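Chains as they are written, first to last, in our numbering: chain A, 1 to 362; chain B, 1 to 348.
For the record, the hints were derived by calculation from the structure and aren't laboratory data.
Computed from a prediction, not measured in an experiment: that's the story for all the values here.
Careful, some of the hints might be misleading.
Pairwise CB distance ranges (calculated) [stated by the list, open to error]:
1) B:Gln152 <-> A:Gly265: 31 to 41 Å
2) A:Asp194 <-> B:Tyr80: 45 to 55 Å
3) A:Lys182 <-> B:Asn79: 27 to 37 Å
In this text, a Cβ means the ideal position worked out from N, Cα and C, and glycines have one as well.
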Amino acid sequence: MIIHEAISVPYLCVSSTKNIFFNPEQQQCPENAQSMILLLSRQDDGSTALVIEWLIALRKKYIRVNSDTNRMKFVSFDIDKEELIIEQNGVRVNLAEVNSTWYRRRGFSMENISIEDTTLSKAVFRNNSHYHKTHMQSELKVMIEFIHAFVEGRSTKQIGNHSSVEVNKLKVLEAAKRCGLKIPQSFIVTTKADLVNIINTYNDVITKAISGQGVYFFTQTHHYYSYTEKIGLEQAAELPDTFFPSLFQTQIKKKYELRIFYLRGECYTMAIFSQGDKKTEVDFRKYNTKKPNRFVPYKLPAGIEQKLTKLMNELNLDTGSIDIIVDRNNEYYFLEVNPIGQFSMTSVPCNYYLEKKIAELL
Amino acid sequence: MNPVRLAGHTGDYLTLYADCFLVQGHTRTMICDVSRKKMFFISNAYHELLLELKTKTIGEVGDMLEDQSDFEEFEQFANYLISHELGFITDNIECFPPIDLVWDSPYSITNAIIDIREKRLNFEKIFLELEQLNCPYVQIRAYSVLSPEQLQSILLCTAATDFKHMQFLLKFPQSFSIEPYSQLVQQYKMISLQFHSVPGADFEQLKGSYPYSDISFIRQEIDSCAGCGVINSESFTLYSLHGFIENIRFNGCLNRKISIDENGDICNCPSMAKKHGNIDNTYLKDVMAKEEFQVYWHINKDEVAVCKDCEYRYICTDCRAYLTDPGNLYSKPLKCNYNPYTAKWNNQ
Ligand code: SF4
Ligand code: SF4
Numbered sequence: 001m002i003i004h005e006a007i008s009v010p011y012l013c014v015s016s017t018k019n020i021f022f023n024p025e026q027q028q029c030p031e032n033a034q035s036m037i038l039l040l041s042r043q044d045d046g047s048t049a050l051v052i053e054w055l056i057a058l059r060k061k062y063i064r065v066n067s068d069t070n071r072m073k074f075v076s077f078d079i080d081k082e083e084l085i086i087e088q089n090g091v092r093v094n095l096a097e098v099n100s101t102w103y104r105r106r107g108f109s110m111e112n113i114s115i116e117d118t119t120l121s122k123a124v125f126r127n128n129s130h131y132h133k134t135h136m137q138s139e140l141k142v143m144i145e146f147i148h149a150f151v152e153g154r155s156t157k158q159i160g161n162h163s164s165v166e167v168n169k170l171k172v173l174e175a176a177k178r179c180g181l182k183i184p185q186s187f188i189v190t191t192k193a194d195l196v197n198i199i200n201t202y203n204d205v206i207t208k209a210i211s212g213q214g215v216y217f218f219t220q221t222h223h224y225y226s227y228t229e230k231i232g233l234e235q236a237a238e239l240p241d242t243f244f245p246s247l248f249q250t251q252i253k254k255k256y257e258l259r260i261f262y263l264r265g266e267c268y269t270m271a272i273f274s275q276g277d278k279k280t281e282v283d284f285r286k287y288n289t290k291k292p293n294r295f296v297p298y299k300l301p302a303g304i305e306q307k308l309t310k311l312m313n314e315l316n317l318d319t320g321s322i323d324i325i326v327d328r329n330n331e332y333y334f335l336e337v338n339p340i341g342q343f344s345m346t347s348v349p350c351n352y353y354l355e356k357k358i359a360e361l362l
Numbered sequence: 001m002n003p004v005r006l007a008g009h010t011g012d013y014l015t016l017y018a019d020c021f022l023v024q025g026h027t028r029t030m031i032c033d034v035s036r037k038k039m040f041f042i043s044n045a046y047h048e049l050l051l052e053l054k055t056k057t058i059g060e061v062g063d064m065l066e067d068q069s070d071f072e073e074f075e076q077f078a079n080y081l082i083s084h085e086l087g088f089i090t091d092n093i094e095c096f097p098p099i100d101l102v103w104d105s106p107y108s109i110t111n112a113i114i115d116i117r118e119k120r121l122n123f124e125k126i127f128l129e130l131e132q133l134n135c136p137y138v139q140i141r142a143y144s145v146l147s148p149e150q151l152q153s154i155l156l157c158t159a160a161t162d163f164k165h166m167q168f169l170l171k172f173p174q175s176f177s178i179e180p181y182s183q184l185v186q187q188y189k190m191i192s193l194q195f196h197s198v199p200g201a202d203f204e205q206l207k208g209s210y211p212y213s214d215i216s217f218i219r220q221e222i223d224s225c226a227g228c229g230v231i232n233s234e235s236f237t238l239y240s241l242h243g244f245i246e247n248i249r250f251n252g253c254l255n256r257k258i259s260i261d262e263n264g265d266i267c268n269c270p271s272m273a274k275k276h277g278n279i280d281n282t283y284l285k286d287v288m289a290k291e292e293f294q295v296y297w298h299i300n301k302d303e304v305a306v307c308k309d310c311e312y313r314y315i316c317t318d319c320r321a322y323l324t325d326p327g328n329l330y331s332k333p334l335k336c337n338y339n340p341y342t343a344k345w346n347n348q
């Protein structure tokens, strides 16, 4: 956790059309000293560091909590005094001061507030460590939920939220369709016969993970899929007759792919040209370093923007990273939304200053 | 890849990718591929063609050409752009806006130069003030020898700072041993050391002997700030889109820079005649907020004589201290020998 006391320095703002000299009168009022921004992130997240640079420039006070360290400790909670004290790197903070929260990642984790595991198993449940683990985990879950409710309840400003950081891909696809967006034909099947049937009907079929998180085990032989993979009759032949329920979609003949960072009704869109290159033809995340893809700003048709806004409202998301494919007939196919998606990869090449916009909203 | 036949695309548009910028010079135009960091040169006639293509379809532009051979050249040019992945043909050009040239930085000062010779500067005060200005990059140029102990005493003053990188330009001492310096770069992860004025024999012996990039050696003799400001093809920078846009809009060298010369005087850069008070009794934040100080930040190359006709102007860092006409703030850098009217370097 880093607490940064806002320092008062002249801050020069440059608009896109005119050069404005720094003028002390135009300085923004420093935020109320009692207010604090809570950044829920991970240690490795570069975007958080960039947003923090802007928070410092805007003289806003913040505290960053990374879900992947155990350096943060829960200390105490006092209902009467309305004090929820946590400690990180020896500094104690009252989370009641938080009035703005950003869910860059998932939020508080078990790792954050649990006490050292082995000590406890030795001390308390000497002969049934499994029991204590499950018990502790359900206790911690309640605690974590409460801390989220506590800070969210006090946050007058908030980006992202705890309850919708994880979305169900299948529900999202269904909702997208309801909002009037086109989606690829999607099937979940469990038998080779059904899959072969689909491939014979649609020719170009891909498979991807159903759950949001990357890699999952797919065949009995040797395939792990973290990227979207094309699947043909040959690959299908390698499969056992029945397999784990898997998602298959018809492959869209893409002109280019769009990555949209959605933030409070605004779509910051970037086109990704990767078709020229076999390596990235199916999923641009298989990056080609020799000839990097082109990333350029893109203006979505108003109709598509409206449908996306409707979808995000329906999913109760105020921010997220959306993937769309544009096919050769200029049809837009919605693929998925990631509520805690990367945005610097869109912000930097398109010069969108999303890090600054987020810092301003917090 | 098969060549593209324009006849099949008369209703479409030919456009550059937004990260490929056109920079028109007097004799030729540069296409600056900012993402892939490559330069391409085309004739100004093609530059005009590309401007037409912003609003007209391939067919409409084709109709403006005089005869068949012109159209073939057009087709060849289109294929040149497409095969180098500088441009593409599209039927929905309205979806491809240019990159907005807005520029901003969370750092009120982005970089600082501090020169040292004999006078001991108050580094504690300097670093603290730079930290308060949120300055991420600091360069320290020493014209007299700094012993490892002296260097360490300067580094001790960085304790409360969070600089991203500090570059030291150090005078090569007469009896040199790398150990104490390599210990310092290990201890202070954000620093790098470059030794200047390295004698030929030592240079031959040292070059390649130290495996990391945080200590390096150059032969160039640097005995004052007067060595700065040289512009040649090596001094061009194409670092990032953010930097490129800054260079289009602002001064490539002096924007959001603050410096302290060897006497402790505060200035845009040590080579500038105008000083803005001494660090002993002046706050950096008061100097940087002065309109008079910021004037240089805003002089971009579109405003500088000769440079405004140069196709290199958005990757050229500029120099406002050494001018061809010292009386004219907007005259060409003195130490540049490129002539954009002939597209030739005059190498003395
Ligand atoms: S203005 Fe010229 S002399 Fe000053 S730092 Fe820049 S290049 Fe060097
Ligand atoms: S003429 Fe101006 S812009 Fe061109 S290289 Fe020389 S200094 Fe740079």
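Practice item. Please write out, lowest number first, the hints stated earlier that are contradicted by the structure. Key: 1
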